[in-house]
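S.K.: Chain residues, written in single-letter form:
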Amino acid sequence: MPETATQERQAAVADPGAAVTAEQRLRAHVETLERRLRKRDDQRRAMLHIMGDLSEFNKRLANQRKAMLHVLADYEQDRRRLARQTERLDSSRRALLHILQDSHQDKLRLEASRKAMIHIMGDLRETTAEMQRREQELRDKQEQLVQAGKLATLGELTTGVAHELNNPLNNIGLFVGNAVDLIELAVTEKRQIVRELGHAMQQVSKATEIISHLRTFGRAAPVSREPISLRQVIERALSLMREQLRLREIEVTVDLGLEEPVVLGNAIQLEQVFINLLTNARDAVAEAPRKAIRIAGSTGSGAVEVSLADSGHGIPPGLERRIFDPFFTTKEVGKGTGLGLSITYGIINEHGGTISVVSPPGEGATFLIHLPLAPAQTEETSA
Amino acid sequence: MTTTLSVLIVDDDPALLQALPQALRLRMGGVTVETADSAAAALERIAVQDYDAIVTDIKMPGMDGLALLAEIRTRRPDTPTLIITGHGENELVVRALRGGACDFIQKPIDRGYFVAALYRAIWAHVQNRRVKDRQVALECCAGELERILDGLERELGALPGRRAP
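Heads up: the sequence lines are chains A and B, in that order.
Sequential numbering from 1 applies to the first sequence in the working numbering.
Sequential numbering from 1 applies to the second sequence in the working numbering.
The set of hints was computed from the structure by calculation and includes no laboratory data.
Do not take every clue at face value.
[Claimed, not checked] Here are the computed lysine-lysine pairs in the DSSO-like style, where the Cα-Cα straight-line distance is at most 30 Å:
{"id": "1", "chain 1": "B", "residue 1": "K59", "chain 2": "A", "residue 2": "K206"}
{"id": "2", "chain 1": "A", "residue 1": "K206", "chain 2": "B", "residue 2": "K107"}
{"id": "3", "chain 1": "B", "residue 1": "K59", "chain 2": "A", "residue 2": "K291"}
{"id": "4", "chain 1": "B", "residue 1": "K132", "chain 2": "A", "residue 2": "K291"}
{"id": "5", "chain 1": "A", "residue 1": "K190", "chain 2": "B", "residue 2": "K59"}
{"id": "6", "chain 1": "B", "residue 1": "K59", "chain 2": "B", "residue 2": "K132"}
{"id": "7", "chain 1": "A", "residue 1": "K206", "chain 2": "A", "residue 2": "K107"}
{"id": "8", "chain 1": "A", "residue 1": "K115", "chain 2": "A", "residue 2": "K141"}
[What the hints assert, rightly or not] Sample of chain B residues at the chain A side, in silico, Cβ under 8 Å:
{"id": "9", "residue": "A19"}
{"id": "10", "residue": "L20"}
{"id": "11", "residue": "Q22"}
{"id": "12", "residue": "R27"}
{"id": "13", "residue": "V31"}
{"id": "14", "residue": "D37"}
{"id": "15", "residue": "A41"}
{"id": "16", "residue": "K59"}
{"id": "17", "residue": "L66"}
{"id": "18", "residue": "A70"}
{"id": "19", "residue": "R73"}
{"id": "20", "residue": "G86"}
{"id": "21", "residue": "R111"}
{"id": "22", "residue": "Q135"}
[Unchecked claim] Covered stretches of chain B, going by a simulated chain A footprint (3 or more residues, C-beta under 8 Å):
{"id": "23", "segment": "104-110"}
{"id": "24", "segment": "121-132"}
If you're wondering where the values come from, they're calculated on a predicted model, not measured in any experiment.
C-beta atoms are modelled at their ideal positions from N, C-alpha and C, and glycine is treated no differently.
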């Protein structure tokens with residue numbers, strides 16, 4: 001353009017007509033240039049607006065960046081937290097694995113234990129069988145002990161029984177002798193002879209009774225249970241002991257009241273209980289100024305209580321508990337086996353009863369026996 | 001021994017109190033036998049009657065034979081007492097003999113031995129009694145003689161011309 005303007009000015013100088021056209025053209029140029037200037041100005045202003053907007057935008061961006069930085073920091077925190085949690089989870093997982101492993105081990109161990117338990121059960125069964133066998137053995141031994149105790153009691157009774165037998169034998173001799181005399185004297189009265197012989201027969205049955213009682217007592221019979229009259233048991237025991245007690249001048253009183261207590265048990269065993277207690281009482285009163293034994297009984301609902309008290313010196317304090325122990329005796333060596341009261345205790349126990357002893361200082365001992373009545377009688381008593 | 005003999009038997013066995021008196025009646029004709037079933041009953045009898053012999057069992061409830069023997073020795077010291085003991089009770093036999101028993105009879109009782117022992121005891125008792133009677137009679141005679149002698153001496157002293165020695 002400048003080149004064009006120069007050329008035109010050169011042309012205008014050269015040609016004045018041409019100068020007018022050239023001016024017009026210049027004016028047109030100026031107008032165009034002004035127009036362009038105004039346009040450029042508009043553009044500049046628009047640009048300034050845009051710049052302002054841009055700055056605003058930039059500010060906003062900076063703010064957003066700051067916010068973003070905060071968010072990033074938060075995010076970083078969260079990330080760390082998550083990492084920690086992951087770590088924790090990981091260790092938990094590892095722990096869980098361990099636990100699972102352990103549980104597996106436990107399961108194995110449990111299995112082993114179960115197997116061991118089965119073995120133990122087997123052993124236990126064997127042990128139980130063994131125990132049962134031992135128990136049976138013990139029962140057999142106890143029976144043997146009871147038998148031994150009975151024989152020991154019999155041994156002690158022998159002296160008294162010898163006396164008891166001596167009397168009827170002596171009387172038989174006298175009665176038969178009298179009969180022989182009557183025959184030799186040719187007494188024609190038969191009745192007299194028969195009477196003497198009759199007396200002799202009575203004495204024979206008395207002796208037989210004593211012997212058969214002893215044999216029944218000594219026999220190792222199987223232990224049966226049947227309704228037994230306690231009064232009869234006590235009387236039979238006393239009949240075996242009577243001579244011994246009589247000769248030692250021991251006064252015996254029996255007061256069982258009006259009741260007829262019946263217990264379910266074994267007559268021989270219960271008789272042994274009273275023989276043992278009477279033997280014990282007999283020895284206890286040996287040195288006492290007054291020699292007395294008192295047997296008393298009372299029947300209550302469902303049970304009978306029998307006490308056997310002696311007038312001896314009593315049991316030294318502290319020995320009441322040991323008195324029922326086997327082989328415990330205060331008698332001299334050879335005088336007592338120490339079995340009597342332990343056997344008594346065993347028998348009463350087997351009969352579902354209890355036996356205890358009380359011995360207040362300065363008084364004799366009293367044995368208390370508590371025995372359940374036979375079922376039929378229990379009904380009667382309660383009826 | 002023409003008079004009736006009386007014997008007391010003491011025992012707590014009623015059968016023996018039947019058998020033994022009968023044996024005595026059969027073997028010792030005419031004897032009177034009484035019985036007592038305890039020492040206390042025996043003492044009551046002894047108080048009212050003087051027996052020719054007493055036979056007692058040694059073992060009895062309450063007062064026994066030895067205690068009864070001691071009582072008899074105080075109340076009837078002259079009555080012979082025989083003790084019945086069990087076989088082999090030597091210690092009791094010795095105590096009875098020391099206590100003044102005249103003899104002892106062991107059970108089972110041999111009737112021959114028993115009757116012989118009883119006879120001997122009664123005979124000894126009768127002899128004793130006889131000896132005592134004679135002694136008493138002799139003492140009477142001696143006293144009489146003594147008196148006669150005194151009388152004679154007095155008569156002699158009263159004679160004239162006799163000086164005292």
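S.K.: Each hint needs a verdict: does it hold in this structure or not?
M.R.: Results of checking the hints against the structure:
no., hint, verdict
1, B:K59 with A:K206, "holds (20 Å)"
2, A:K206 with B:K107, "holds (17 Å)"
3, B:K59 with A:K291, "holds (16 Å)"
4, B:K132 with A:K291, "violated (45 Å)"
5, A:K190 with B:K59, "violated (35 Å)"
6, B:K59 with B:K132, "violated (33 Å)"
7, A:K206 with A:K107, "violated (81 Å)"
8, A:K115 with A:K141, "violated (38 Å)"
9, A19, "holds (4 Å)"
10, L20, "holds (6 Å)"
11, Q22, "holds (5 Å)"
12, R27, "holds (7 Å)"
13, V31, "violated (14 Å)"
14, D37, "violated (13 Å)"
15, A41, "violated (17 Å)"
16, K59, "holds (5 Å)"
17, L66, "violated (12 Å)"
18, A70, "violated (16 Å)"
19, R73, "violated (21 Å)"
20, G86, "holds (6 Å)"
21, R111, "holds (5 Å)"
22, Q135, "violated (39 Å)"
23, 104-110, "holds (count 3)"
24, 121-132, "violated (count 0)"
Comparing the model with each numbered hint stated earlier shows that hints 4, 5, 6, 7, 8, 13, 14, 15, 17, 18, 19, 22 and 24 do not hold.
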